[in-house]
Amino acid sequence: MNQTRLHDWHLAAGAKMAPFAGYDMPISYPIGSVEEHLVTRRSVGLFDIDHMGQVEVTGPGADAFVSRLVSARVLDMKDGDARYSLLLSEGGTVIDDLFVYKIPGAWWIVVNASNREEDLAWMNSLARAHEREFGQVHIVDRSEETYMIAVQGPRAIELLDLVSDTKVSELVRFTSGNAKVLGVPCLVGRTGYTGEDGVELFFPAEDAVRLWTGLLSEGEKRGIETKAIGLGARDSLRFEAGMPLHGHELSKEISPLEAGFKWACDLEKDFVGKEAVLRLAESGATRKLVGLSVSGGVPREGYEVQDEGGRKVGTVVAGMFCPSVKLYAANAFVEPAVAKSGTALRVIIRGKPAPAVVVKRPLYVPTYRR
Amino acid sequence: MSVDKNSRYRSSHEWARKDGARYLVGISDHAQEALGDIVFVELPEVGKRLKQGEAFGVIESVKAASDVYMPMSGTIVAVNDAVSGDPALVNREPYAGGWLVAIEASAPAEWDGLLDAAAYEAEAGKE
Chain A
1 MNQTRLHDWH LAAGAKMAPF AGYDMPISYP IGSVEEHLVT RRSVGLFDID
51 HMGQVEVTGP GADAFVSRLV SARVLDMKDG DARYSLLLSE GGTVIDDLFV
101 YKIPGAWWIV VNASNREEDL AWMNSLARAH EREFGQVHIV DRSEETYMIA
151 VQGPRAIELL DLVSDTKVSE LVRFTSGNAK VLGVPCLVGR TGYTGEDGVE
201 LFFPAEDAVR LWTGLLSEGE KRGIETKAIG LGARDSLRFE AGMPLHGHEL
251 SKEISPLEAG FKWACDLEKD FVGKEAVLRL AESGATRKLV GLSVSGGVPR
301 EGYEVQDEGG RKVGTVVAGM FCPSVKLYAA NAFVEPAVAK SGTALRVIIR
351 GKPAPAVVVK RPLYVPTYRR
Chain B
1001 MSVDKNSRYR SSHEWARKDG ARYLVGISDH AQEALGDIVF VELPEVGKRL
1051 KQGEAFGVIE SVKAASDVYM PMSGTIVAVN DAVSGDPALV NREPYAGGWL
1101 VAIEASAPAE WDGLLDAAAY EAEAGKE
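In order, the protein sequences belong to chains A and B.
Just so we're aligned: 32 in the working numbering is position 32 of the first sequence, and the numbers increase by one with no gaps anywhere.
Just so we're aligned: 1006 in the working numbering is position 6 of the second sequence, and the numbers increase by one with no gaps anywhere.
Think of the hints as simulated: they come from the structure by calculation, not from any bench.
Every residue, glycine too, gets a C-beta built ideally from N, C-alpha and C.
Be careful, since some hints might not be right.
[To be verified] As a list, the in silico DSS-like pairs of lysine-lysine whose alpha-carbon atoms are at most 30 Å apart:
no.	chain 1	residue 1	chain 2	residue 2
1	A	K288	A	K262
2	B	K1051	A	K16
3	A	K288	A	K352
4	A	K326	B	K1063
5	A	K352	B	K1063
6	A	K312	A	K269
7	A	K252	A	K262
8	A	K352	A	K326
9	B	K1051	B	K1018
10	A	K180	A	K167
11	A	K352	A	K312
12	B	K1005	A	K360
13	A	K326	A	K269
14	A	K221	A	K252
15	A	K288	A	K269
16	A	K262	A	K221
17	B	K1126	A	K352
18	A	K16	B	K1005
19	A	K16	B	K1063
20	A	K340	A	K326
21	A	K288	A	K274
22	B	K1051	A	K312
23	A	K340	A	K352
24	B	K1063	A	K252
25	A	K288	A	K326
26	B	K1048	A	K352
27	B	K1005	B	K1048
28	A	K312	A	K326
29	A	K274	A	K167
30	B	K1063	A	K340
31	B	K1051	B	K1126
32	A	K16	A	K221
33	B	K1063	A	K288
34	A	K312	A	K288
35	A	K78	A	K274
[Said to hold, decoys possible] Non-contacting residues of chain B with respect to chain A, defined by C-beta distances greater than 10 Å in every case (computed):
no.	residue
36	D1004
37	A1021
38	D1081
Please put together the full structure from these sequences, using the hints given.
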């Protein structure tokens, strides 16, 4: 089992730990997942996300390679831009979802911990297969030496401005820049996975404890409530904000068209999986991702969804109690005929049908979309 | 971990406590802490008869659903509506406001077979 460099800190803080993507990670701290969620929505949450992977792509063929590799348009990106994208198989299903940063002289790709090995193998094989076409491409896994912390919440930028050598507030959403935060040289992305404003920081791994404890104590000192947040609240924050978690709303069995991610596919360019996406667009998806509000229990992954007549129409892929909107909610893949907002359905919870209604996603509108 | 001296316990972390002619039933502080934030509680209907060790309800935390078991055989005579509206009450006050059901015991001698506070504390402490 891998440990992050903050492992001892998490244990000392009384965190409940559990394995996630091969790492022993904090699930919650003594204040509990619900309060951690609410702290992030009202002030600042700090997330140890060192398990995320970072891949650097350089070389004369890098632009053409990245453009073919990922589904989103990237060739219009300027230095500093950051963009959400998908890594598709030839069959048009989702190997991973990732954030692509264009930084001076390189592409910086942030991948999910559990898919890192597979992503790298896939990238290397694609680069080799098309070396003549693209030109030379260097793909380097920077995950070991790079640490990653997310600082999220309505007061995150205020805190960062106070402790950085440049104005983080001047970075627009979905761009990145360099700054020294508490003296630590960081790549700062104005990005996140909570629906709140904030940043994701990339910096040398040896500075992890210094930066983490420094941000917590600076927050305290300056009267900005700042707390460590575990993976439990990270999941409810992203769920409420309508963001996907690979392995649930996206997977190697799911097309972006089914999950509502057509917007992340640039059909005007060539990318791996495009043919399959076009074929499915032509024939029409047979299931669609919807949000469900449920009463009478907590809907969870794997639960069956039925219509009011008791016929199976789909399956829950993620579900939980949502602390900000105070709903028991699920994401489920259902037949397109019952995917319309307002449709009455049922989720089978422990053998009993619980009333459910299709609701608009996201339940909590991310700040950058308001 | 705190224990309530006036209650007796099952190894599966439920407590029972005499309350006049009936017994109140809940889960221990150790159990609520292990479960984490409780977000939903499903309780039985009043009048339901259950044997010792049978599941009478479900407690759902952020991450999982867990059955809760009758510490003694009996009939459900009341359920605590307060925890249905505010499930976190079980986290905050596992021995007081966070009780789950009241039962009329059909085999009161089962009380003698439950763990007293010291024995339960010793056993739960090993987990």
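Verification of the supplied hints:
1. A:K288 <-> A:K262: 12 Å, holds
2. B:K1051 <-> A:K16: Roughly 34 Å separates the two Cα atoms, so the pair is violated.
3. A:K288 <-> A:K352: 24 Å, holds
4. A:K326 <-> B:K1063: 16 Å, holds
5. A:K352 <-> B:K1063: 20 Å, holds
6. A:K312 <-> A:K269: Violated, at about 38 Å.
7. A:K252 <-> A:K262: 16 Å, holds
8. A:K352 <-> A:K326: 22 Å, holds
9. B:K1051 <-> B:K1018: 18 Å, holds
10. A:K180 <-> A:K167: 10 Å, holds
11. A:K352 <-> A:K312: 13 Å, holds
12. B:K1005 <-> A:K360: 50 Å, violated
13. A:K326 <-> A:K269: 42 Å, violated
14. A:K221 <-> A:K252: The given pair, whose Cα atoms are some 46 Å apart, is violated under the 30 Å limit.
15. A:K288 <-> A:K269: Satisfied, since the Cα-Cα distance of roughly 25 Å is no more than 30 Å.
16. A:K262 <-> A:K221: 45 Å, violated
17. B:K1126 <-> A:K352: 36 Å, violated
18. A:K16 <-> B:K1005: 27 Å, holds
19. A:K16 <-> B:K1063: 12 Å, holds
20. A:K340 <-> A:K326: 22 Å, holds
21. A:K288 <-> A:K274: OK: A:K288 and A:K274 at ~19 Å, within 30 Å.
22. B:K1051 <-> A:K312: 35 Å, violated
23. A:K340 <-> A:K352: 24 Å, holds
24. B:K1063 <-> A:K252: 24 Å, holds
25. A:K288 <-> A:K326: Given pair A:K288, A:K326 holds - Cα atoms ~24 Å apart, limit 30 Å.
26. B:K1048 <-> A:K352: 18 Å, holds
27. B:K1005 <-> B:K1048: This hinted pair holds, its Cα atoms lying about 28 Å apart.
28. A:K312 <-> A:K326: Answer holds: A:K312 to A:K326 is near 27 Å, not above 30 Å.
29. A:K274 <-> A:K167: 40 Å, violated
30. B:K1063 <-> A:K340: Holds, at roughly 29 Å.
31. B:K1051 <-> B:K1126: 28 Å, holds
32. A:K16 <-> A:K221: Satisfied, since the Cα-Cα distance of roughly 26 Å is no more than 30 Å.
33. B:K1063 <-> A:K288: Holds, at about 25 Å.
34. A:K312 <-> A:K288: 14 Å, holds
35. A:K78 <-> A:K274: Holds, at roughly 24 Å.
36. D1004: 21 Å, holds
37. A1021: Given that every Cβ of chain A is farther than 10 Å from that of B:A1021, nearest at about 32 Å, it holds.
38. D1081: At about 15 Å from chain A, B:D1081 clears the 10 Å cut-off, so the statement holds.
Hint violations for this structure: numbers 2, 6, 12, 13, 14, 16, 17, 22, 29, all remaining hints satisfied.
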